[in-house]
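Asks: Listed below, chain by chain, are the residues.
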Amino acid sequence: MDKETFIEQLREIVRPYAKNQEALATISTSTDFINDLKINSANLVDVVLDVEEKYDIVIQNEEMERMLNVQAALDIVEAKLKEK
Amino acid sequence: MIGNDIIDLRAAAIESRIHRKGFLEKLFLPAEISMIRNAAAPAVLTWLLWSCKEAVYKIVHRNTRERRYAPLRFMCRVSIPEIGLPSSYSGTVLYQQQAYYFRSNITTDFIHTHAAITPQLLSDAVVFTGQQLNSGYTALLHEILSTDEVFYKDEDGIPYILHHGDGRKQPVSVSHHGEHCGIMRIRNKRIDIFT
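Just so you know, the protein sequences line up as chains A and B, in that order. According to the numbering used here, the first sequence is numbered sequentially starting from 1. According to the numbering used here, the second sequence is numbered sequentially starting from 1.
Treat each hint with caution, since some may be false.
[As the list claims (entries may be wrong)] Below 30 Å or equal to it, Euclidean Cα-Cα: the simulated DSS-like pairs (lysine-lysine) are:
| hint | chain 1 | residue 1 | chain 2 | residue 2 |
| --- | --- | --- | --- | --- |
| 1 | B | K21 | A | K3 |
| 2 | B | K153 | A | K3 |
| 3 | B | K153 | A | K82 |
| 4 | A | K19 | A | K80 |
| 5 | A | K38 | B | K153 |
| 6 | B | K153 | B | K169 |
| 7 | A | K3 | A | K80 |
| 8 | B | K169 | A | K82 |
| 9 | A | K19 | A | K38 |
| 10 | A | K80 | A | K54 |
| 11 | B | K169 | A | K84 |
| 12 | A | K38 | B | K21 |
| 13 | A | K54 | B | K169 |
| 14 | A | K54 | A | K3 |
| 15 | A | K54 | A | K19 |
| 16 | A | K19 | B | K21 |
| 17 | B | K26 | A | K80 |
| 18 | B | K153 | A | K54 |
| 19 | A | K54 | A | K84 |
| 20 | A | K82 | A | K54 |
| 21 | A | K54 | A | K38 |
| 22 | A | K3 | A | K19 |
| 23 | A | K19 | B | K153 |
| 24 | A | K3 | A | K38 |
| 25 | A | K3 | A | K82 |
| 26 | B | K169 | A | K38 |
| 27 | B | K153 | A | K84 |
| 28 | A | K80 | B | K153 |
| 29 | B | K169 | A | K3 |
| 30 | A | K80 | A | K38 |
| 31 | A | K84 | A | K19 |
| 32 | A | K80 | B | K169 |
[To be verified] Computed spacing ranges between beta-carbons, pair by pair:
| hint | chain 1 | residue 1 | chain 2 | residue 2 | range |
| --- | --- | --- | --- | --- | --- |
| 33 | A | D2 | B | A40 | 18 to 24 Å |
| 34 | B | A39 | A | K38 | 19 to 25 Å |
| 35 | B | D154 | A | L81 | 34 to 40 Å |
| 36 | B | S87 | A | N35 | 30 to 36 Å |
| 37 | A | E4 | B | A139 | 28 to 34 Å |
| 38 | A | A79 | B | Q131 | 41 to 47 Å |
| 39 | B | P119 | A | L74 | 42 to 48 Å |
| 40 | A | I7 | B | R20 | 21 to 27 Å |
Keep in mind the hints are simulated off the structure, nothing from the lab. Heads up, the beta-carbon is just placed ideally off N, CA and C, and yes, glycines get one too.
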């Protein structure tokens, strides 16, 4: 899966939780879920769960700890898909 | 060090599906989940525990400057509360062998938790809550700051109150969610003059 496809898919996943829709429009690997998209920290777990469902993977707690931005999410998902 | 967190219960009910598969398991430890499941009002207990973890995370973040989404590293212990609303809960949160102390006030509209690294600091702190439609915590902040105090956040987003007079800076914790906001600060020490 290429980076652009992943970012487009992730944009749709985070859309319901992002309070900053302008930042969502310009989402990139450097976008921070909390600081930029203004996702409530209680909703970050929904992003993790939605990503798990979308890619049929299990994200470990240690991985969730650093899943604070798009790049980290991309790294985690890519690594998990390679394991398959 | 201090930290506070407010949860607008109406907003939380709309924004989160606490019953979705995996939700509780990713945020709470088994003992916490059984507290939630056995509670008369599971949603209230869910948000109570979450606000405790958030308030203590703010203390840890202030100290370490490290951002992490690691709710399972925070272990909540809540003392048995009095029945009825509004009510007050207290207890501890354990993070990396360090205990932090919290107090939570629960109304029908919100949960406000404030925490500190010692019980003394917890009782020396003052907390404020307010209802704001759009301004977040800014309006409440203006109400509580005296004329020689200025609010600012440092490069890591950690908030402080700066005293113009003597250049002293004090930690402050700010929080907002939905229509509610909360602030926790350390009480200004008064110089008592006995005559």
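Asks: So, for every hint listed, does it hold in this structure?
Replies: For each hint, the structure was consulted:
1. B:K21 x A:K3: holds (28 Å)
2. B:K153 x A:K3: violated (34 Å)
3. B:K153 x A:K82: Roughly 41 Å separates the two Cα atoms, so the pair is violated.
4. A:K19 x A:K80: holds (28 Å)
5. A:K38 x B:K153: holds (17 Å)
6. B:K153 x B:K169: holds (11 Å)
7. A:K3 x A:K80: holds (15 Å)
8. B:K169 x A:K82: This hinted pair is violated, its Cα atoms lying about 50 Å apart.
9. A:K19 x A:K38: holds (5 Å)
10. A:K80 x A:K54: holds (12 Å)
11. B:K169 x A:K84: Roughly 52 Å separates the two Cα atoms, so the pair is violated.
12. A:K38 x B:K21: holds (24 Å)
13. A:K54 x B:K169: With Cα atoms ~47 Å apart, K54 (chain A) and K169 (chain B) exceed 30 Å; violated.
14. A:K54 x A:K3: holds (16 Å)
15. A:K54 x A:K19: This hinted pair holds, its Cα atoms lying about 22 Å apart.
16. A:K19 x B:K21: holds (24 Å)
17. B:K26 x A:K80: holds (18 Å)
18. B:K153 x A:K54: Answer violated: K153 (chain B) to K54 (chain A) is near 37 Å, above 30 Å.
19. A:K54 x A:K84: holds (14 Å)
20. A:K82 x A:K54: Roughly 15 Å between the alpha carbons, so the hint for K82 (chain A) and K54 (chain A) holds.
21. A:K54 x A:K38: Judged against 30 Å, a Cα distance of about 22 Å means the pair holds.
22. A:K3 x A:K19: Roughly 24 Å separates the two Cα atoms, so the pair holds.
23. A:K19 x B:K153: holds (21 Å)
24. A:K3 x A:K38: holds (22 Å)
25. A:K3 x A:K82: At roughly 15 Å apart (the allowed maximum being 30 Å), K82 (chain A) and K3 (chain A) satisfy the hint.
26. B:K169 x A:K38: The hint holds at about 27 Å.
27. B:K153 x A:K84: Given that 30 Å is the threshold and the Cα spacing comes to 44 Å, the pair is violated.
28. A:K80 x B:K153: violated (37 Å)
29. B:K169 x A:K3: violated (44 Å)
30. A:K80 x A:K38: Cα-Cα ~26 Å, so holds.
31. A:K84 x A:K19: violated (34 Å)
32. A:K80 x B:K169: With Cα atoms ~46 Å apart, K80 (chain A) and K169 (chain B) exceed 30 Å; violated.
33. A:D2 x B:A40: 18 to 24 Å: violated (50 Å)
34. B:A39 x A:K38: 19 to 25 Å: violated (30 Å)
35. B:D154 x A:L81: 34 to 40 Å: Cβ of D154 (chain B) to Cβ of L81 (chain A): about 39 Å, so the range 34 to 40 Å holds.
36. B:S87 x A:N35: 30 to 36 Å: holds (34 Å)
37. A:E4 x B:A139: 28 to 34 Å: violated (42 Å)
38. A:A79 x B:Q131: 41 to 47 Å: holds (45 Å)
39. B:P119 x A:L74: 42 to 48 Å: Hint holds: Cβ distance 44 Å, inside 42 to 48 Å.
40. A:I7 x B:R20: 21 to 27 Å: holds (24 Å)
Violated hints, in rising order: 2, 3, 8, 11, 13, 18, 27, 28, 29, 31, 32, 33, 34, 37; the structure is consistent with all others.
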